[in-house]
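S.K.: The residues making up each chain are set out below.
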Amino acid sequence: MADSDIMVSIQHLSKSFGETEVLRDVNVDVKRGEVVVVLGPSGSGKSTMLRCINLLEKPTGGHIFIEGQEITGPNTNVDKLREHVGMVFQQFNLFPHLSAKKNVMLAQRKVLKRSAAEAERIAIEQLSRVGLADRAEFLPAQLSGGQQQRVAIARALAMDPHVMLFDEATSALDPELVRGVLDVMRSLAEAGMTMVVVTHEMGFAREVADRVIFMEEGVIVEEGTPTEVFDHPKHDRTKDFLGHIK
Amino acid sequence: MLSKVGGYVFAVAFIVAGWWITALAVNSPALPTPAQTVEVLGSNMDVLIPFFWTSAYRVVASLLIGTLLAVPIAQLCTRSRVLDRLFAPVLYLLYPIPKVVLLPILLVLFGLADAPKIVLISLTVFFQVLVAVRDAVKAVPESALISVRALGGSAWDEYRHVYVPATLPAVFTSLRIGVGTAIAVLFIAEAMAGSTGLGYFIMQSWSMVNYPRMFAGIIALALLGLVLYAIFDLLERRLTRWR
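Protein chains in written order, with the numbering used here: chain A, 1 to 246; chain B, 1 to 243.
Hints were generated in silico from the structure; no laboratory data involved. Wrong hints could be hidden among the right ones.
Subject to a maximum C-alpha distance of 30 Å in a straight line, what follows is the list of computed DSSO-like cross-link-like pairs (lysine-lysine) [stated by the list, open to error]:
# : chain 1 : residue 1 : chain 2 : residue 2
1 : A       : Lys80     : A       : Lys110
2 : A       : Lys110    : B       : Lys4
3 : A       : Lys113    : A       : Lys102
4 : A       : Lys31     : A       : Lys234
5 : A       : Lys58     : A       : Lys110
6 : B       : Lys138    : A       : Lys239
7 : B       : Lys138    : A       : Lys58
8 : A       : Lys113    : A       : Lys58
9 : A       : Lys80     : A       : Lys31
Values in this document were obtained by computation on a predicted structure and should not be read as measured data.
The shape of chain A in the complex, shown without the other chains:
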């Protein structure tokens, strides 16, 4: 894996929960700065694949490399790995007892051992980036779902991730709040962040993705540019899925 352009390389990844095979021989390369959107019906294994990238799920087989380093080997430093892999979930899970700013500061202080002043400076910077500088002192309960999710994104960004994983980041939001979060994700993509995005937002996928992957039943059925996958899907299953979504 000498190719320094490859940020994440997933090779022959498989994952089973007991008898159930969730992922079968999945191969994906994500280039630095690339935005890959993963589509598929629920239960297709897309979230599990995402969770394997920062070892929240342990792969049953195959290899994953991040920036050329194998993370599926026996001697992986999981904490070190997670410092470089930011993740945003469907549930925002902010710390309910901490202000937005403190939410963004906490992991910087505890995990990266940054000074309070530096962590605060970065927290404000990242909150501004997601358009919430004026909400820094608010508690999560005082923020809308969309704002909470944007704080969660700022919290992940404050760790200086080299790649960001989004696991259905807008699925738990009311429709009118989705746009604000997608706008933040779009601006991240434009700034050159490497992103792997699991989503049901077809408009976002079409507009922002460099590459779209369609998964079903634990395998990659089809992949290509948004135009290829959305306008000229080759597989019946992809057509079927896109037909249902529209």
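Given chain A, put chain B in place with the hints provided.
M.R.: Below, chain B alone, put in the same frame as chain A:
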């Protein structure tokens, strides 16, 4: 703030008025009027105040012991599937047993002073807090832990930043509810054995047929409950401000 104070003033006036009317209607020495009670409260202060502190010490010590034992045990057991599986049936069987029935045994084992009372009330509090905290820990969503893990947090971070904030409200709720039970158990324990505390004072007055004095003891015990409840309520609001 002013309207809140006003609310309490009204509530006190309402209760005192209701008490007064009831006392006049019942017209029994067992239920003196507020005016008579204030009088006996004053004349019994020399005994009531030390007994108040004795009772307060027993309840507060028990609440502390019960809580400090229950919280870590509940958190530990819930986090380990093996422990929880072993422990849950035990808890299920022991929780509904009224701990107060153990009083005679405790009196034999620990004598008549503070120890049997503190053990008994601690036991009562222990189970109440244990059940509440256990449920609170179980209600912590897996996704909250995963978020901390994804940020590079350790097991200690999960405990400190997810479990503690998630269980604190449950601790206080069970304590506020527990105050009532704890004082009831205290009363029974003091009434049955020993020669100190408000429970003893009340039953002693009762056997002397000194009903106004008895009622002064009842008021003092009620006051103890009220003060403790208010303290926990205040602490809860202070420490769980985010809710």
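S.K.: I'd like to know which numbered hints this structure contradicts. Please list them from smallest to largest.
M.R.: Violated hints: 2 and 6; rest satisfied.
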